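**Q** Chain residues, written in single-letter form:
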Amino acid sequence: MSYKVNKEGYYGEFGGAFIPELMYPNIKELQDNYLRIINSKEFKEEFAHLLKDYVGRPSPLYYAERMSEHYNSKIYLKREDLNHTGAHKINNTVGQIILARALGKKRIIAETGAGQHGVATATVCALKGMPCVVYMGRVDVERQAPNVKKMRMLGAKVVTVDSGNKTLKDATNEAMRDWINHPEDTHYIIGSAVGPHPYPDMVTHFQSVISEEMRWQLMEQTGSELPTRVIACVGGGSNAAGAFYHFLDDTKVELIGVEAAGKGIHTKQSAATLAIGRPGVLHSARSYLMQTDDGQITEPYSISAGLDYPGIGPLHSHLYETGRAKYLAATDTEVLKAAFLLTRLEGIIPALESAHALAALDKIKMNPDDVNVVNISGRGDKDMETYLKYFDDEKYQTK
Amino acid sequence: MITNRINKLFQGDKKNILSVYFTAGYPKLDDTVPTIQGLEKHGVDLIEIGIPFSDPLADGPVIQGSSHIALQNGISVKCIFEQLKDIRKSVRIPLIVMGYLNPVISYGIEAFCKKCNEIGIDGMILPDLPLNEYNRSFKSFFEKYNLHNVLLITPETSEKRLHEIDDASTGFIYMVSTSSTTGAKKNVSDYSTEYFQRVNNMKLKNRRLIGFGISNHKTFDNACKYAQGAIIGSAFVKAVSQEGTLDEKIEKFVKSIK
Ligand SMILES: Cc1ncc(COP(=O)(O)O)c(C=O)c1O
Chain P
1 MSYKVNKEGY YGEFGGAFIP ELMYPNIKEL QDNYLRIINS KEFKEEFAHL LKDYVGRPSP
61 LYYAERMSEH YNSKIYLKRE DLNHTGAHKI NNTVGQIILA RALGKKRIIA ETGAGQHGVA
121 TATVCALKGM PCVVYMGRVD VERQAPNVKK MRMLGAKVVT VDSGNKTLKD ATNEAMRDWI
181 NHPEDTHYII GSAVGPHPYP DMVTHFQSVI SEEMRWQLME QTGSELPTRV IACVGGGSNA
241 AGAFYHFLDD TKVELIGVEA AGKGIHTKQS AATLAIGRPG VLHSARSYLM QTDDGQITEP
301 YSISAGLDYP GIGPLHSHLY ETGRAKYLAA TDTEVLKAAF LLTRLEGIIP ALESAHALAA
361 LDKIKMNPDD VNVVNISGRG DKDMETYLKY FDDEKYQTK
Chain G
1 MITNRINKLF QGDKKNILSV YFTAGYPKLD DTVPTIQGLE KHGVDLIEIG IPFSDPLADG
61 PVIQGSSHIA LQNGISVKCI FEQLKDIRKS VRIPLIVMGY LNPVISYGIE AFCKKCNEIG
121 IDGMILPDLP LNEYNRSFKS FFEKYNLHNV LLITPETSEK RLHEIDDAST GFIYMVSTSS
181 TTGAKKNVSD YSTEYFQRVN NMKLKNRRLI GFGISNHKTF DNACKYAQGA IIGSAFVKAV
241 SQEGTLDEKI EKFVKSIK
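Protein sequence lines, in the order shown, are assigned to chains P and G.
Residue numbering for the first sequence follows this note's numbering, beginning at 1 and increasing consecutively.
Residue numbering for the second sequence follows this note's numbering, beginning at 1 and increasing consecutively.
These aren't lab readings, by the way, just hints derived from the structure by calculation.
Note that the coordinates shown come from a computational prediction; the quantities given were computed from them, not determined experimentally.
We treat Cβ as the ideally placed atom computed from N, Cα and C, and that holds for glycine.
Please note that a few of the clues may not be correct.
Which stretches of chain G does chain P cover? Using the computed rule of at least three CB atoms under 8 Å from a CB of chain P, they are [unchecked claim]:
hint, region
1, 72-78
2, 120-132
3, 151-164
4, 170-181
Could you put together the complete structure from these sequences and hints?
**A** Written out as structure tokens, the structure is:
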């Protein structure tokens with residue numbers, strides 16, 4: 001079984017490039033050049049240098065002693081929250097900005113939900129002195145206000161999107177429309193492992209540094225490169241793709257993705273695409289989608305803006321259908337509890353998105369000798385307002 | 001060989017072909033059939049029936065808006081097929097459905113094509129269905145059910161790809177005037193004229209209609225100099241959004257163009 005993308009951009013039955021002719025020249029240019037560029041010596045050197053000295057990699061793999069005691073199993077945290085700008089998103093934007101420059105592009109566009117990808121894009125644009133436009137739904141502009149201010153301070157233009165549900169899906173539509181209207185000089189830095197080929201493969205490649213580091217860090221700390229399982233949250237699926245990538249062929253390693261159940265997968269307010277969706281085409285790729293019987297995309301809901309997306313990257317649809325990875329869903333309540341637990345036991349305030357991965361620890365049967373790696377995709381600074389609303393409530397505290 | 005009303009329309013040297021796009025179920029749910037009948041009555045040559053989608057990637061604000069309202073009105077693929085079931089009792093000009101891929105896939109590709117054939121639809125325009133994917137999983141059904149697949153070209157389309165698209169086209173080629181989403185205010189500039197001329201000189205085997213940004217008599221006339229005719233979408237959707245009876249609005253609009 002292969003988990004790699006094929007020449008046409010498919011993972012099994014998922015992926016492809018369902019692009020309007022208007023996007024063809026840009027996508028074709030990327031398809032024809034990305035492998036050559038990212039495998040070149042110059043690219044690799046600059047990417048490695050920026051990840052080390054600018055992003056602050058490698059990110060630590062931390063043995064969480066009190067969490068391990070609490071769960072009676074060994075818990076390791078991969079600390080993507082310690083990266084520059086506070087999440088895994090920067091791994092991808094550093095890679096894509098170098099690529100954009102190698103292609104001679106002069107202008108950068110991006111979409112953002114939680115604002116983490118927007119900030120990470122604005123950051124690398126400041127670093128390289130490139131103009132940057134970030135599309136963000138009005139709902140997210142309001143609930144992630146500190147990140148909007150950061151993007152502006154970094155010099156990006158933030159465009160508020162009022163179409164549709166005014167969240168991540170609509171911001172993505174608007175970014176793609178911008179690209180259609182600027183066919184010559186612009187590169188679109190997509191923020192997750194979604195979109196037309198080659199984006200899912202490219203973003204996964206840049207994020208795969210996460211599992212590359214995990215392997216040698218595990219070797220140092222446990223004497224084996226392989227853990228029992230790896231757990232990561234899934235919105236579009238980039239941090240999970242990066243955390244899974246170098247374990248895909250080691251089928252002994254359990255891979256667990258955690259979607260946002262929102263208020264529950266049996267309610268209308270959920271974003272758990274694999275749990276409640278079926279295959280279709282959105283944002284130019286074939287993958288699982290939340291949709292009506294008529295094939296209209298439905299509006300997702302999650303307490304975390306970064307998981308509030310009605311689709312999922314094609315790699316995950318493939319891993320789901322082949323059974324190589326398992327996907328769980330955590331509700332808002334379970335997520336808040338998990339976030340507060342980590343905060344009290346380890347002194348780490350995780351992003352709401354990452355807390356979905358932590359919430360899975362209550363759903364999995366773990367043995368005392370198991371080595372569980374949880375990817376902490378980002379830090380909770382942006383979510384303080386939400387956390388403060390709930391943390392006095394007994395209901396969310398673990399006794 | 002796919003042959004139907006579209007081939008007939010383009011036979012010979014017919015010039016100044018006017019094709020109009022409208023959004024099914026807009027402004028009112030039951031306006032679909034009267035709009036088609038009105039457009040034929042007032043002299044339109046070809047109609048594109050827009051199937052609304054929640055996420056119309058290639059469309060600007062006007063068609064985004066009409067799609068949104070049509071969906072709120074309760075339109076769906078099933079409902080459109082129901083509305084259209086007797087359309088060939090009253091309408092003779094070629095009809096094309098235009099929409100995005102997901103509702104088609106959701107209905108079932110073959111079931112969708114079969115239904116179109118039963119109704120008397122002549123072709124489809126699916127902007128997010130590129131040629132390679134069409135060949136991979138759609139072509140056989142289009143052929144089986146006698147539907148033309150209308151492909152798009154843009155000012156950025158390379159000469160090599162133009163020939164590929166020309167070879168794969170059977171009905172006509174949809175020539176997008178500028179690199180933009182629909183309804184853009186960009187003027188049909190000198191740059192477009194250069195592109196119109198360049199493609200005109202290529203002597204492609206398929207006839208062409210020019211679309212995107214065609215909104216009035218002047219832009220229609222100019223487009224007709226370089227192709228067999230032109231396609232109007234956003235400007236018509238705007239026109240039916242005004243006050244008045246549907247028939248009056250259609251009559252006034254078509255007269256203002258031709
Ligand atoms: C901290 C964090 N984790 C996870 C995600 C979800 O994205 P993905 O599934 O691509 O990792 C986001 C998105 O904004 C995020 O900010």
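**Q** Now look at each hint and say whether the structure bears it out.
**A** Going down the list of hints, with the structure as the test:
1. For the region 72-78 of chain G, the proposed coverage by chain P is satisfied: 3 residues have a C-beta within less than 8 Å of a C-beta in that chain, meeting the threshold of three.
2. Interface restraint, the region 120-132 of chain G with chain P: holds (5 residues with C-beta to C-beta distance below 8 Å; minimum three).
3. With 8 residues bearing a CB less than 8 Å from a CB of chain P, the region 151-164 of chain G meets the requirement of three and the coverage assertion stands.
4. With 4 residues having a Cβ less than 8 Å from any Cβ of chain P, the region 170-181 of chain G passes the three-residue criterion, so the hint holds.
When the structure is compared with the earlier hints, no violation turns up for any of them.
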